[in-house]
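Protein chains in written order, with this note's numbering: chain A, 1 to 346; chain B, 1 to 346; chain C, 1 to 357; chain D, 1 to 357.
One should not assume that every hint holds.
One-sided and incomplete, this derived list gives chain C residues near chain D with beta-carbon spacing under 7 Å [as the list claims (entries may be wrong)]:
no.	residue
1	7
2	168
3	171
4	178
5	179
6	210
7	211
If you're looking for bench data, these hints aren't it; they were derived computationally from the structure. Beta carbons: idealized from backbone N, C-alpha and C, even for Gly.
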Amino acid sequence: MSAAKSPGVGAEAPPTKAKTDAPITLIEAITQALAWEMRHDDSVVVLGEDVGVNGGVFRATAGLQQTFGPERVLDTPLDETTIAGLTVGMAAQGMKPVAESQFDGFMYPMIDHIVCHAVRLRYRTRGRLHCPMVLRVPWGGGIRAPEHHSEANEAIFTNVPGLRVVMPSSPARAYGLLLAAIRDPDPVIYFEPKRIYRQYKELVPDDGEALPLDVCYVLRDGDDITLVTWGAQVKETLEAADRLAEDGISAEVIDVATLKPLDFDTIAESVAKTGRCVIVHEAAKTAGFGAEIAARLAEESMYDLLAPVERVTGYDTHIPLFRLEMKYLPSVDRIVAAAKRAVAAG
Amino acid sequence: MSAAKSPGVGAEAPPTKAKTDAPITLIEAITQALAWEMRHDDSVVVLGEDVGVNGGVFRATAGLQQTFGPERVLDTPLDETTIAGLTVGMAAQGMKPVAESQFDGFMYPMIDHIVCHAVRLRYRTRGRLHCPMVLRVPWGGGIRAPEHHSEANEAIFTNVPGLRVVMPSSPARAYGLLLAAIRDPDPVIYFEPKRIYRQYKELVPDDGEALPLDVCYVLRDGDDITLVTWGAQVKETLEAADRLAEDGISAEVIDVATLKPLDFDTIAESVAKTGRCVIVHEAAKTAGFGAEIAARLAEESMYDLLAPVERVTGYDTHIPLFRLEMKYLPSVDRIVAAAKRAVAAG
Amino acid sequence: MTVAATFEIEYLQYLGPDGKPTADFPAAFSDPETLLPLFKEMLFVRTFDTKSIALQRTGKLGTYASSLGHEATHIGIGASMRPEDVFAPSYREYGAQFMRGVHPREILMYWGGDERGNDFEVPRHDFSWSVPISTQCLHAAGAALAFKLRKEPRLAVACCGDGGSSKTDFYAALNSAGAYTLPLVLCVINNGWAISVPRSAQTGAKTLAQKGIAGGLPCLQVDGNDLVAVLEGMRRATERARNGEGATVIEFLTYRLHDHTTADDARRYRSEEEVKAAWERDPIPRLRTFLTTKKLWDEQQEKAWAEACGKRVDAEINAYLASKVQPVEAMFDYLYADPPADLLKQRDAAIALEKRA
Amino acid sequence: MTVAATFEIEYLQYLGPDGKPTADFPAAFSDPETLLPLFKEMLFVRTFDTKSIALQRTGKLGTYASSLGHEATHIGIGASMRPEDVFAPSYREYGAQFMRGVHPREILMYWGGDERGNDFEVPRHDFSWSVPISTQCLHAAGAALAFKLRKEPRLAVACCGDGGSSKTDFYAALNSAGAYTLPLVLCVINNGWAISVPRSAQTGAKTLAQKGIAGGLPCLQVDGNDLVAVLEGMRRATERARNGEGATVIEFLTYRLHDHTTADDARRYRSEEEVKAAWERDPIPRLRTFLTTKKLWDEQQEKAWAEACGKRVDAEINAYLASKVQPVEAMFDYLYADPPADLLKQRDAAIALEKRA
Ligand SMILES: Cc1ncc(C[n+]2csc(CCOP(=O)(O)OP(=O)(O)O)c2C)c(N)n1
Ligand SMILES: Cc1ncc(C[n+]2csc(CCOP(=O)(O)OP(=O)(O)O)c2C)c(N)n1
Ligand SMILES: [Mg+2]
Ligand SMILES: [Mg+2]
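All chains, full assembly: derive it from the sequences and hints.
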């Protein structure tokens, strides 16, 4: 392995040929993106717990170690501080590490290296060093997993300057955003909504095309109300839009996808049209990232608003163990009710 | 030392007599509160780096080890994970530890034990165990300190269910809120705005009277606009109110003081009266805690608002080293300008 | 050459895989009768484990972490503690917990997705299961510090795995245990694997026991499939702790005979030969052989006991299966002692939503 | 008794406090001439340090962390590295940094509250100062891992203090260094104090060197006030690393002769006697005595060199004092390679505010 610092076609492409002809799931799109970038940039390495022979507990790195070898796909000792610190060190010295936190609930020990170092290397050294790392985090609830395996903790990272925070909600966006995250010269947290890892398949051409890291997606056009969401809740929100349509309410659905930096323009434009906004997220309500979107609306779209903003979110308590967890997550019913209130109010 | 689990007058009160007759600074009020509670509840222990003989790098624990002995005031090994983990363990077994993070920028390794354990013990065990701990954190910029000594990171904690987050801005509130924090049976993060540790003195009777942990303070009445802030920025915000008064604008100033749980009612009442709100905080704007307040206004006070909400905050970048840091912090000028815009808009 | 310090790690084994003594038993355990009740508990855990896995396979339990193969270590640890001591488990030390009074139904409840599983009827002061690896080691250290400051004659015992011994919290625990001379026993249960990562990939250290040297602690390596060695290791460590001499790190060498959890498939990453060889070191047959030789156990007793175990576990399973799901307000009611007004509003809304549904 | 493992920590000292050899010098440093240029660098650092403290006292510098007493350790570490290696300092290893090409004015800039101090003209790839204790140890391990994966013949050196050796990041670094056999040298600079906390309160370990055993690493304890011992310790460690044999932990025994920083008052927590005794072990006089004995140094040379050092430091101070404050947009310009639109708007607003002021 040589020390190439810029992307370029690797000398020996691995034998696995991407099957661009079959539809794939969100998690398969992640694997596909990792493989594409590893083939084309040999400074990309993957590291984490069980990412090697085992291919990750969710199989996101399945086959990568077999293809690229143990020097490109590294199992780490069982310590998240270690993973974060090694990742920062490698990134500062010209590699592009893609680290995995096995679950959302285990990433907290990584915060110190992210907040004190990853996002500061460039700033602190006036550009002499920088930190082109990605941290992949299987995120969110609803898979009947044990404690600490169902956290929606994205808000913690959105107040951190210098960071990018993205969360795909479809196979195609998972692919394009992961490529962009790896190529970006600054640190990116890439949250993976594990509840929809295998929700559906779509065709994702393995063409190495990245998506922008600062663009929201309008998934459905509408005139009466804007529903803003991200991650796994895109599913419920789209279902809610269907239900609203049955009642003659035309809902526009926006997948934020790139939380930080936030593409507020797309949201503002939509609200300028609809006059109403419901924000949907899994995380606890208070100081969740929905607060930032509502705040921007209060600052910049106040004259457009025909009704109060509503947030439909997880409650301000912990997501319960699985017997009760679905009662914690925002349901289609709750979204529909909030949207109807907003429409009635205006 | 016995293992009393409930407050009660200790057998041997230490010789130091509180001087209730002399005005004291905010940091002296902290010391006074610690001493009061340690005298009256021998399950209270103080721990942290340099809190012992040295009395803390800011002198918050000055004299405590001399008075209460090394079994009540413990220097820890130099590791924040250790401090957090020991604190949780002690609290779960009936002590009331008051831990110190020497500076805001060093508390990140504590997050794991706070988020995964401190705030979950009660929930996870259905009340069998709980975690009556306090984490004291000298907070914020403006003291010409080195890197990582000037962080305003309160927003990270406000999305965490089960936590209480408070930040006093006067000697009297520092005293009353710290007593309340120690007595509260759940974990509390107590941020200390270090820039105003010694800003001014006031009389703080050493009477053991705690303040509520969920109440905002209206520091100044006004009719035209509501200025909401907390911590060290209370200083600039009050100055801004003075300046606005010169121009005939009557500003109400609210010190949030207890960020989580938020006393939104007090803010909403004020905005119902003034129709305008400017939120001021040191932390970076995006997803700072100001977002939550603005969001609540967008949800619950929309019909009261005569002008868009404004946030005057730190920029979305790191607070610079000290040659530039004052240009990062919200200035009186910026607050006044925002308030005038809001008044002009309505 | 000037030598600044030297260290030695002792290895304990008394009963070999074939059930024959490999050394004189320590005085405290020289009467084989003392081992019999513990052997029966080992059999009980194995029954519990087998039935729990079956329960999961039929969809009546969530992900479950088996303790197959760890019985001697777990039972030995639990048997060495006093009720007033504090135990800080990771997530599979059922044997130790049974010895302390935790009900099997509580364990099932927890893996069945119900927080009430952590509301142990007995022992009230033990720590709950700890999923974030090795964080419990520091909590145990904190408990030990509390005991020391309050001058209570109690100690804390924490368990973590071979993987867990890489975790910074484990190091922090041993560092503070040494700094404060804490009444603590840190048990590293080396079962060869941390999910798919073999022990050899965790560290370059020859033994995991030697990590204790970093904190100035005495360390032992113990055959964790030999109940006598486990008991003797724990005896030494708890005695030191009770005498105010501080903490000990013990590495228990055992093997994870099952998948990591029911969500794992170990065939992906480890060889059948390795597992087969590990079965030869199974802690149960060796103790059975020994006790049989000593005329303390026979096939008939085994059969009767197996039946008793099966019945008891079935009763526990039934109790678990009969439990009603908590009402929706449970997720609000155990957050704060004194819940904020906004939270109570959310609670009301959630209850109203339930009623409508 | 079966022994699972044994360990031994070697202690290195060649030049006693009185300037007399206490053992035969290692072959690599048997020619005293090799020590002369390093001795001169030690004197230079001390001049820099003295003048920096004075500068702070007159309000022309922010908080400053002195390196008084650490000169042999710092210079010896820096002298043992190659330009292409990577150094990960904490915040007071100026001597090591000077050996690597960092300009004194950069150090002043940093403590003077200006990020440009970290934009080293040389060496471009070294890590910046690291205030969060011991986090740099893991960054160095990451760098070493990068070198290993890319098969580059380079190594990484990290420094932390006695306090820093309690930090979980330090343990994580040595754990991963052992697990991956990294080309890394972990230097624990034991100067007796972590602000007000004495070495004895950090850990129950007899030596800090022995922490390496936890990761299976060879460890050395070295008289850090003896330049020869420092060089020899580093020579062994770097050789191992370059040979692909992995990492080493070295404890350097020295003493922090000054306050922790200029913001500290050490008289609060340590005795005058202790400090007086430490001055007896000062690394500079002993090397001066030795070199004088060897006729390689005399008072005249000392005087001339002191003058040269003073001039050079003054020039650096003047360069620092003459530096203009960065424009307000600097705080926006180094955050992202590709700054988001909202940030650029904030940048514009901040510039506009400046213009108005
Ligand atoms: C902090 C953290 N990271 C990752 C995990 C996911 N995880 C659960 S168990 C496990 C392996 C644990 O191995 P070991 O410590 O050897 O214990 P064992 O399961 O073998 O008993 C991992 C990585 C976790 N629970 N916590
Ligand atoms: C994570 C963290 N916690 C606390 C501090 C505050 N602090 C700065 S230096 C220091 C003591 C360091 O002692 P040691 O590691 O022995 O290094 P020395 O200063 O003696 O060189 C402390 C506690 C810090 N910088 N980082
Ligand atoms: Mg294991
Ligand atoms: Mg030190």
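Hint-by-hint comparison with the structure:
no., hint, in the structure
1, 7, "4 Å, holds"
2, 168, "3 Å, holds"
3, 171, "4 Å, holds"
4, 178, "3 Å, holds"
5, 179, "5 Å, holds"
6, 210, "5 Å, holds"
7, 211, "4 Å, holds"
Against the hints set out earlier in the document, no violation occurs for any number.
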